[in-house]
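Asks: Take a look at the letters that make up each chain.
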Amino acid sequence: MVQMPISFLVNGERVDAVVPARLNLADFLREHLKLTGTHIGCEHGVCGACTVRVDGDIVRSCLILAVQMHDATVETIEGLSDSGEVADLQRAFRERNALQCGFCTPGMLMAAQDLLKHCPVPDRDRIREHLSGNYCRCTGYQAIVDAVETTARMRAP
Amino acid sequence: MKASAFSYARPTTVPNALELLALHGDRAKVLAGGQSLMPAMNLRLISPKLIVDIGAIVELRGISLKGEVLLVGALTRHVDLHNSAEIARYAPLLKEAIAHVAHPAIRNRGTIGGSLAHADPAAELPACMMALGATLLVRGVHGERRIAAEEFFTGIYETLLSPDELLIAVEIPVAQRNSSPFFQEFSRRRGDYAIVGLAAQAVLKNSGFSDLRLAFFSVGNRPHLAKAARQLTNVVVTRSILSDASDLLRQELDPHEDQHATPAMRRYLANLLLRRCVSKLLDRPDLLEEP
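Protein sequence lines, in the order shown, are assigned to chains A and B.
Counting from 1, one number per residue, gives the positions in the first sequence under this note's numbering.
Counting from 1, one number per residue, gives the positions in the second sequence under this note's numbering.
The hints are simulated quantities; they were obtained by calculation from the structure and are not laboratory data.
Just to be clear, a hint being listed does not mean it is correct.
Derived DSS-like pairs: lysine-lysine, alpha-carbon spacing no greater than 27 Å straight-line [claimed, not checked]: (1) B/K227 with B/K205; (2) B/K95 with A/K117; (3) B/K95 with B/K205; (4) B/K2 with A/K34.
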């Protein structure tokens, strides 16, 4: 099997590894770094559970090879959570019952935080649009939209 | 599922990439943004022996204005198209269309070259290239070819690109004054592939069209530039003329059947889009009604 050396930043820490070329980023994060907050649902870019940030942009980590991340900066839900960046969003999700089984939640938080960075006061349509690539099979989405809307209002100066 | 094993190369120049493609032919597959290739590999629909990752070839990125054309590098991402002031000004159809391409996380990775080379008949960008009269720049070890978008797409996931060639860039003619874009598609959910869509570019003159290019997508095995548009140019469009154009469109389309729609439904939706497009571009609400 073809092995490739890679070196990149994950949640601010330098990671050096030798990985099989076919290994995707989601599997690398989970299996090699034990960052299991990034979930794997469909493995073909449909469900959004594996959403992470690469060089500041949200992406599907199941549709990226780990070797493609050489020299990149990756942030996972562990990074956003530990730094407190999404603490208020997480609280709003809890208070609004915006999660039940929790499988989609890391991806939802990544996508919601991405929206609030680019569009501080989105209306509900805009929230739905930005989260349209993230599936939730429990909540029916209403509560998730509520939580994102509430956080946007709380963050507004 | 996971992709099967492959070898991997990451050339940093176009000549390097072309050498690899010349050497390995159709056993190799070019990886751009990977938003169509990776799902296909993960589902084991394809198992290339070699992945040629062109992501590090910087010269393939970016948008620039060269006289009367916009030159868009093949590795330019959907999100870059969406945020570009040049695109908004000189090819506004693309900006409108991008909002319909999948979801933000996909648009942050997917590239224009990847979408065009992949040639999914339900994809937005191939149709946009046809509506805009774009030219695709394709390079191989033996030189460069310029291919009109209208000729480039030959079938489902099929194009004139041979396995040893690389799509380098697209040239989009700058939108003329008095031109206006129209983009709309029907899909079950936001971000899904279109059931039927229309990308159109018109030049308006004396409250009519002096030019009208209607590129329908997801209506067959490749995007379709409607001949019916000729009926609508250089005339005062009436409900009866539009109705004749509708009949022509119905005849020239040969839509496929799948789990989303029958051919009859696709013809119906395509005609609805035609009506909406003409009515909106000419600002004539009366044309929306069936005669």
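Asks: Hint by hint, say whether it matches the structure.
Replies: Status of each hint after checking the structure:
1. B/K227 with B/K205: The given pair, whose Cα atoms are some 20 Å apart, holds under the 27 Å limit.
2. B/K95 with A/K117: 21 Å, holds
3. B/K95 with B/K205: Cα-Cα ~24 Å, so holds.
4. B/K2 with A/K34: It holds: about 18 Å lies between the C-alpha atoms, which stays within 27 Å.
Of the numbered hints stated above, none is contradicted by the structure.
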